[in-house]
Amino acid sequence: MSAVRQQALTLSAPVDLGREAALDAWLRDNEPELKRRLSDSRTTHFARWALLPPTLDEAGKPIGAQHLLLFETSFDGELSDHVADLRSALGSWLDPAFGGVVGYPGAENLTELVEFFRRASLRAASFHVANRGLSVSVVHGDAALRRALEARLCELSVGAIVQATDAVQLARELRQVARAVARQNGLALGNAHRVPSRAAGRWALVARPFGLLLAFLLSPFFEWRDERVRRRQPSFDTPALRERRDHLGREEDRFDQNVLTELVAIKPGWYRPFCLKLMLQLASALAAAGWRGGMRSVHFTRWVVLPDRRLLLSSYYDGSWQAHLSQLVGEAARVMTMIGTHTIWFPSTRLLLFRGARDEPAFKAWMRANQLPTQAWYSAYPALSVADVAKNAEIRELLGGELDAAAAERLLALL
Amino acid sequence: MERADVQGLVLFGYRQHPRARFYLLKFAGGNPREWLRRALPDVTSGAEDADARYRFNLAFSARGLAALGLDADDLATFQREFVQGMAHPERSRVLGDRHADDPTRWRWGSGDEQVDALALLYARSDEALQERAAELEKSLAKFGIGHASQDVSLPDDGREHFGFVTGSCEPRVRGAGRRRRRGEARLATGELVLGYANGYGAIGSVPSAKARRGTREHPFPLAGGRVGFGHNGSYLVARQLRQDVAGFWQYCWAAALAERAPDAAERARHIAARLVGRWPNGVPLVEAPEAERAAGASLNDFGFRDHDPDGLRCPFGAHIRRANPRDMLGESAEHAQREANLHRIVRRGRVFGPKLAGSLPPPDDGVERGLYFVALNADISRQFEFIQQTWLNGGKSAGLSGERDPLVGADGADLEGAPISRRFSVPARPVRQRYEGLPKVVQVRGGEYFFLPGMRALNFLCDGVD
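First to last, the protein sequences are chains A and B. For the first sequence, the numbering used here assigns the number 12 to the initial residue and increments by one for each residue that follows. For the second sequence, the numbering used here assigns the number 2 to the initial residue and increments by one for each residue that follows.
Think of the hints as simulated: they come from the structure by calculation, not from any bench. Be aware that a few hints might be false.
A few chain B residues that don't get close to chain A, going by computed Cβ distances all over 12 Å [said to hold, decoys possible]:
| no. | residue |
| --- | --- |
| 1 | Gly30 |
| 2 | Pro42 |
| 3 | Val44 |
| 4 | Arg54 |
| 5 | Arg106 |
| 6 | Trp109 |
| 7 | Ala134 |
| 8 | His148 |
| 9 | Ala149 |
| 10 | Arg180 |
| 11 | Gly184 |
| 12 | Lys211 |
| 13 | Gln251 |
To give a feel for the contact side, a few chain B residues facing chain A, derived at Cβ under 7 Å [what the hints assert, rightly or not]:
| no. | residue |
| --- | --- |
| 14 | Ala259 |
| 15 | Gly395 |
| 16 | Pro431 |
Quantities reported herein were computed from a predicted structural model and do not represent experimental measurements. Heads up, the beta-carbon is just placed ideally off N, CA and C, and yes, glycines get one too.
Pulled out of the complex, with its shape left as it was, chain A reads as follows (with noise of 0.2 Å):
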């Protein structure tokens, strides 16, 4: 078993008129069987259906007369085998999960099925893997692995206290222990699954320096823009929006992972999803060269530009939204702020990276304001964060390397 690449699927097409609610109360009705049947998918990490409604533009007017049906997932592999592999997990399951979106094929013929989920897929401009190179069989692998390890320091302990003293004794040891558990789950102890650092994102940093200039030397301008239209703007601040709060707020922090869809209009103007691509772009290139900033309990984020002007930031994280978004305004303001200042009802920044999200409760406002419901998710590791991820897969390559003093040192911090 090697690396694989991890990869987004954002399919997002139109539901039939009038079919919306019945696909929204399916969802939500199937998400515990959608759940279980997904389980045997072998290429899923996260799978979310999310129906995106007509939402407002900067002048108030809906965008779109059709609510569409965003159905995403991070994946291994190339997407004709991963459609193949939700088909045959989902079964006759597939087909209710699509019900009234247009142009769907049904699921009897797969080459249909994999030409649709090509033709409505959108690309990320921005994608965030936390742990790559990390197939779905490798992470349940590394948990068994270190699930049977802590076993055997529970069998070797007196009260509390492992019976042991030295540790490169102990680290080799346990490295019998984990070469059965290996065998048998098909897993290659050391670093075989490890994916190098991709170098093409700090060039993507250096290669568009007169986009960025453009975009900044534009900045002036656009604040000015942003704080006439303000003025005149309503607050967001509606009933029908405190009644989604309350509906999100209900539905979320149920368990360690939490589910993040949010949608919001483009603010008008050519330029405007120029710079926004820019400005995500940028984004990429940072964390291609190691930024982590407000991402670190991320499993997988994305943001897509859809064809109607809206963007789509969809992502997984661990612990609770409270402190999701405090972590982004922590440590991700600036970036959250050159992306966020292209879009509708964003607190008023400056000079492209200031203010903006770190006015916190504008932004957290922000943030509700554009979140919408998520019908039904699905996580192939729910119990386990993005540190316990790569913390066994480093237990997993320290054990496949030489188990001298440092080495064991580290190995057994680990458990």
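Chain A is already provided as a structure; the job is to place chain B on it using the hints.
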């Protein structure tokens, strides 16, 4: 800070008034507005003279404010957590109040036992407390206000029921009028009192109410015939926590015996200190990891990042490290401290019930004792609930996996909602020690979110007509 307009509890812990009685009030069938009008002169403000014999403060739940005339539009301007109340299922999920802590099992704060107000009376001695309490109870009876009360106190020896020195790490709030002590975190005024800049440099949302005719002095007139009711107010969190002192020490004793420690009593105290993160005399484990030593001038002047990055001195899961990670969780010490300061509260809790006496391990005498936790903050969600949900109950907090706070953490649950064993890891060489099957030694017996209005806002509540 306008100290004359905030209630005294915001600024002071009333250490000169160690005896106290907390009253839970129910307004149904009574005349709360008239009672409040009479009680108003007795309420202690932040500008009170320190020699006063009594201290008295008042806070209201959302239903209490509704009973005093605030309508649905007014209440919608308060924080959602406050309006929902602590027993609301959504809040229970956030706070981890399930199984033994489920609000259906509370003595007050849920179901038929919801309360409208919390009245806090403090005195210098038991006699003085009795005397003043009798007057207060007479006045409550006169205006038909139901009440239940609990005697609480500052412990004489400064130690809470488990036997540890308490109150060692209060933050200093800008404008509170006292000098900063060594090691104290500096908080922006708006982290405690509404209407001032908070830790982000922004003024958070301040609740408002419709202006009333006939009011002599409105709190902060706003446009559109409204008043800034929340200015100089603060949200008050109250939770009555029962402590199983015998269960706590019996667990430490049994764990010491299981390790075949030569001196079980000494080892049991060491295990207890690791669960707390301090020795019983308050000395932090970061400074004295192996044995208790005499307390120095400050018990609050330490960090974790430089002295204990691997948790080998004070375990990552220890109570004090979870409840306040200080300089640990961030890219740098300064960044981590700045972030941690956005999630602080000011505590005003007191203990109730007699101390449990006896040698180690003490037998269970069946008497209820514990902590009446009272905390003040400006943003319930970002401050109190964040601490509870992310730091104390976060199974993944500080790189740990599947552990919760060993003292006040909620019962853990697996993906199907079934309870899971409580455990606690102690980083060590060559490999961590792990304590399994920890008992639940703190149980929630009641709780509510209250609002502690400013002095002018209190006047507004009982003055004028709608």
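Hints, one by one, checked against the model:
Every CB of chain A lies more than 12 Å from the CB of B/Gly30, the least distance being 31 Å, so the non-interface label holds. The Cβ of B/Pro42 sits about 36 Å from the closest Cβ of chain A, beyond the 12 Å cut-off, so the non-interface label holds. Consistency note on B/Val44: stated as away from chain A, and its beta-carbon is indeed over 12 Å from all of that chain's, at 29 Å minimum. Consistency note on B/Arg54: stated as away from chain A, and its beta-carbon is indeed over 12 Å from all of that chain's, at 41 Å minimum.
Once the 12 Å rule is applied to beta carbons, B/Arg106 is consistent with being away from chain A; the minimum gap is 21 Å. In this structure B/Trp109 is separated from chain A by more than 12 Å, as the shortest Cβ-Cβ distance comes to about 25 Å. Annotated as non-interface, B/Ala134 keeps its C-beta farther than 12 Å from every C-beta of chain A; the closest such distance is 39 Å. Listed as outside the interface, B/His148 is consistent with that label: its C-beta sits roughly 32 Å from the nearest C-beta of chain A, beyond the 12 Å cut-off.
The claim that B/Ala149 is not at the interface with chain A holds, since no C-beta of that chain comes within 12 Å of its own (minimum 31 Å). B/Arg180, annotated as away from the interface, keeps every beta carbon of chain A farther than 12 Å; the closest lies near 29 Å. Against the 12 Å criterion, B/Gly184 stays outside the reach of chain A, whose nearest CB is about 22 Å from its own CB. Distance check for B/Lys211 against chain A: the nearest CB is about 18 Å away, which clears 12 Å, and the non-interface claim stands.
Distance check for B/Gln251 against chain A: the nearest CB is about 15 Å away, which clears 12 Å, and the non-interface claim stands. Of the supplied interface hints, the one on B/Ala259 holds, with its beta-carbon coming within about 3 Å of a beta-carbon of chain A, less than 7 Å. A hinted interface residue such as B/Gly395 counts as satisfied when its beta carbon comes closer than 7 Å to some beta carbon of chain A; here the least separation is about 6 Å, so the hint holds. About 4 Å separates the beta-carbon of B/Pro431 from the nearest beta-carbon of chain A, less than 7 Å, and the hint is met.
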